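Those protein sequence lines, which keep their order, are chains A and B. Per our numbering, the first sequence starts with residue 1, numbered consecutively. Per our numbering, the second sequence starts with residue 1, numbered consecutively.
Be a bit skeptical, because a hint or two may be false.
What the hints assert, rightly or not - In silico BS3-like pairs for lysine-lysine, Cα to Cα no more than 25 Å straight-line:
#, chain 1, residue 1, chain 2, residue 2
1, B, K43, A, K76
2, B, K127, A, K221
3, A, K110, A, K2
4, B, K126, A, K221
5, A, K123, A, K164
6, A, K76, B, K126
7, A, K102, A, K163
8, B, K127, A, K76
9, A, K76, B, K21
10, A, K27, B, K126
Derived from the structure by calculation, the hints contain no laboratory data. Quick caveat: nothing in here was measured; it's all calculated off a predicted structure.
What follows is each chain in one-letter form.
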Amino acid sequence: MKIAAVIPAYNEEKAIASVVNEINALKKNTGIDIVAIVVNDCSRDQTVQVAAQTDCVILDLPVNLGIGGAVQTGFKYALEQNFDFAVQIDGDGQHPPAEIEKLLKSMLEKNLDVVIGSRFIDKIGFQSTFMRRVGITYFMFLNKMLTGQRITDSTSGLRMLNKKALEIAGNNYPDEYPEPESLVLYALNNLRIGEVAVEMRERQGGVSSIGTFASLYYLFKVSLAMFFTYLRTRNRRPEKH
Amino acid sequence: MNIFADHCFADACRKNVDMEKIQIIAIIASLSFLVYIGRLITKGKLREEYSIVWIICTAILILFSFWRQGLEIISRLVGVYAAPNLIFTGTIFVIFIYLLHLSVVLSRLQQQNKTLAQEIALLKQKKESDHA
């Protein structure tokens with residue numbers, strides 16, 4: 001059972017080494033066959049050079065694609081290399097790799113296609129800023145309206161996908177702020193989505209790429225995108241089984 | 001009961017709701033435009049972020065097609081003599097900004113395209129020299 005840890009990294013020279021090392025430590029301690037895949041999104045700092053010093057696979061994008069494009073590259077690689085699962089881990093150190101075990105367990109036990117690591121089920125660890133949580137609650141409501149599913153942490157990047165979900169994500173993944181939008185895509189393709197409580201850390205290095213004014217723009221744009229993904233996928237919905 | 005007040009109020013309502021032909025045309029055109037944009041997005045030919053400007057403009061156009069008084073009020077506020085001038089000025093301003101935005105996006109795309117093409121050429125060369 002091979003797992004690909006897709007680590008999108010943009011200017012994360014400070015945190016990337018420890019993320020990769022923690023993943024390799026997880027492999028050593030638990031025997032889970034996991035490979036760290038760093039997707040360098042055309043960083044302007046030494047991210048790639050730092051990553052090259054560690055034991056990982058590097059996908060070095062020649063142009064900047066944004067988080068969606070970078071993560072999708074990792075997914076495409078995972079598909080090509082015939083991995084069984086792919087888990088997205090942020091390159092800034094907010095997602096402790098040790099939590100991967102919880103996602104894997106949940107996916108296998110409950111036979112899910114997508115497992116999201118949610119900060120808000122147990123409400124432990126770093127709970128993010130107030131404005132972010134308002135946005136997350138809004139997306140939870142919008143997602144429920146469009147897909148009927150209740151996802152507590154739809155903006156969480158800590159997610160595990162199985163092969164079935166990877167095929168869908170590899171083909172068609174949103175570029176900007178992809179987390180809420182992709183959930184609509186998965187749900188309308190009848191993928192089984194579940195959540196697991198995880199604990200996240202505060203940023204270990206670097207600065208967040210989204211400011212306040214940009215947040216409002218994303219709120220509007222992603223809502224629009226979720227709505228249109230709903231319209232688009234609704235007509236081509238595969239048969240439920 | 002001030003019959004004059006009632007009369008003025010009814011008049012004002014009628015003034016707003018009395019549809020002139022141009023208003024009806026504007027509303028139908030705006031709605032058709034919106035529907036067409038929706039279809040383009042659904043088919044994947046238009047990204048959502050580029051539709052935002054059109055959606056906002058069309059929404060404003062529809063608003064003022066219904067609320068004629070609103071146009072007069074805002075024109076007076078801004079200091080424009082004839083209300084239609086406000087529409088033209090505003091629209092042209094928005095179009096300029098939008099075109100500028102598109103030019104910036106295009107410039108970035110062109111740069112990215114060049115980088116990708118060069119990368120491919122270099123990779124091809126490396127592959128051939130590895131085989132040799």
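Cross-check of the supplied hints:
1. B/K43 with A/K76: With a Cα-Cα distance of about 23 Å, the restraint between B/K43 and A/K76 holds, given a limit of 25 Å.
2. B/K127 with A/K221: Distance ~42 Å between B/K127 and A/K221 Cα, so the pair is violated.
3. A/K110 with A/K2: holds (19 Å)
4. B/K126 with A/K221: violated (41 Å)
5. A/K123 with A/K164: Outside the cut-off at roughly 30 Å; violated.
6. A/K76 with B/K126: holds (23 Å)
7. A/K102 with A/K163: holds (18 Å)
8. B/K127 with A/K76: holds (21 Å)
9. A/K76 with B/K21: Cα-Cα ~55 Å, so violated.
10. A/K27 with B/K126: violated (34 Å)
Of the numbered hints listed earlier, those contradicted by the structure are 2, 4, 5, 9, 10.
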